[in-house]
Amino acid sequence: MFLTVNGNKIEHLGDGTVSALLAELGATPEHTALTVNGDLVFSKHWKIFKLNDGDTIEVLTFVGGG
Amino acid sequence: MLKLGNVEFKSRLILGTGKFSDTATMIAAIEASGTELVTVALRRFNRDKPSDDLCAPLAKLKGVKLMPNTSGAMNAKEAVRAAQLGRELSGSPFVKVEIHPNPHHLMPDAIETYLAAKELAADGFIVLPYIPADPVLAKKLEDVGCAAVMPLGAAIGSGSGLSTAEMIKLIIRDSNIPVIVDAGLRAPSEAARAIEMGCDAVLVNSAIAAAKDPVAMAKAFALGVKTGYAARQAGLMPKSDIAVATSPLTSFLK
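As you go down the protein sequences, you meet chains S and B in turn. Heads up: the first sequence begins at 94 in the working numbering, then just goes up one per residue. Heads up: the second sequence begins at 15 in the working numbering, then just goes up one per residue.
All clues stand as given, with none of them false.
Under the rule of at most 27 Å between Cα atoms (straight-line distance), these lysine-lysine pairs were calculated in the BS3-like manner: (1) B:Lys-79 x S:Lys-137; (2) S:Lys-102 x B:Lys-91; (3) B:Lys-132 x B:Lys-79; (4) B:Lys-63 x S:Lys-102; (5) B:Lys-226 x B:Lys-33; (6) S:Lys-140 x B:Lys-63; (7) S:Lys-137 x B:Lys-76; (8) B:Lys-91 x S:Lys-143.
Partial selection, computed: residues in chain B whose CB lies under 10 Å from chain S: (9) Gly-30; (10) Thr-53; (11) Arg-57; (12) Arg-58; (13) Phe-59; (14) Asn-60; (15) Arg-61; (16) Cys-69; (17) Ala-70; (18) Pro-82; (19) Gln-98; (20) Leu-99; (21) Arg-101; (22) Glu-112; (23) Ala-197; (24) Ser-220.
Quick caveat, the hints were computed from the structure, so don't treat them as lab data. From a predicted model like this one, the values you see are computed outputs, not experimental measurements. A virtual CB, placed ideally from N, CA and C, is assigned to each residue, including glycine.
Chain S extracted, bound-state conformation (with noise of 0.2 Å):
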C-alpha cells in the first residue's frame, strides 16, 4: 500500500500495522510519537492499528527546543 509518511509518498510492503511501518523507517518505537490522518494513535496499540491505502502518517520525535 502507499502512505504518505512526514510528506513523503513511500510504498509500505509489511504488514499494515503502525509497528511494521516504524520497522520499515527505522525508527525507534520508545523515541517516536505519530498521528494517522491527524488523529493521535497511542503506542499500547501500534502492534494492531492498522494502516489503509492512502492514510497520511506524521512521525515525531523529540529535538532541542527552547
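Based on the hints, put chain B in the right spot on chain S.
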C-alpha cells in the same frame, strides 16, 4: 522551593535544549546548570539524521524532567495536538504552550495561547504558557488553571534582556502562581535581577547554547539565579531619590 502543579523543584533555572552545537555539550550544560526541568521540541523523524533524536541522551539524565513545547503550532488546535503527542512521547504532564505565528518577531499569540492553555489545563496537563508580558492575560491564564505564567523578557533569541521588567512587576504583584521569565535573557546578572524582583524562576536557552563556553555559562546562570534568590530573601534596601549618607556628616575634624 519552586512548585509547578504538584511537583517541587529545588532549582529555579529551567533550560531549553535548542541551538547547542552538539548533544554532548547540551547534556554537560544541563548537568552544570543543576536544572531539574528542560524543554524539548517535537519534529518529524528524520531517518537521515538520527542524531537529532534527544530521547536517549535525555533519558540518561537523573532528576531532570522533560517539558515538551508546542513550537511550530500556529493556533490552539495545533498546540493541543502537539501537547498530546509530547505527553505520549515523554510521559511528562508538563507542557510549555508556545504559539508564535510570525517568524520575524516570534511574539506569542495571546488569544490562541489562552484557548490552548485552557483546554490543556482541563485535560490534566501542568501548563506553562509562554506569553507577552501582559498582567491581564496572566491573570486570566491563572484563572483557567495554568501552573505558572512565562512572560517574555524580550524577543526569543534576541539577548535584549529584561526589556519588559515593569510589566513583569505588575504580573508578579497580582499573581498567585509562579511567574517565570522566558526568552530574551543574555546575562546571568539579568537572571539574578528577574529573581530579585520577584520572579520564581527563569527559562534560558540561547544565552547558554550560544555562549562561547555553554557549560561555563550554564554554571554562571545557576549562580546568578541563586544570587538573585538569596538577595530577595535578604531583603533589598529601600530606594531613595536623594543621597543618604553612610558616614556621619556632623562633628568633622576642624
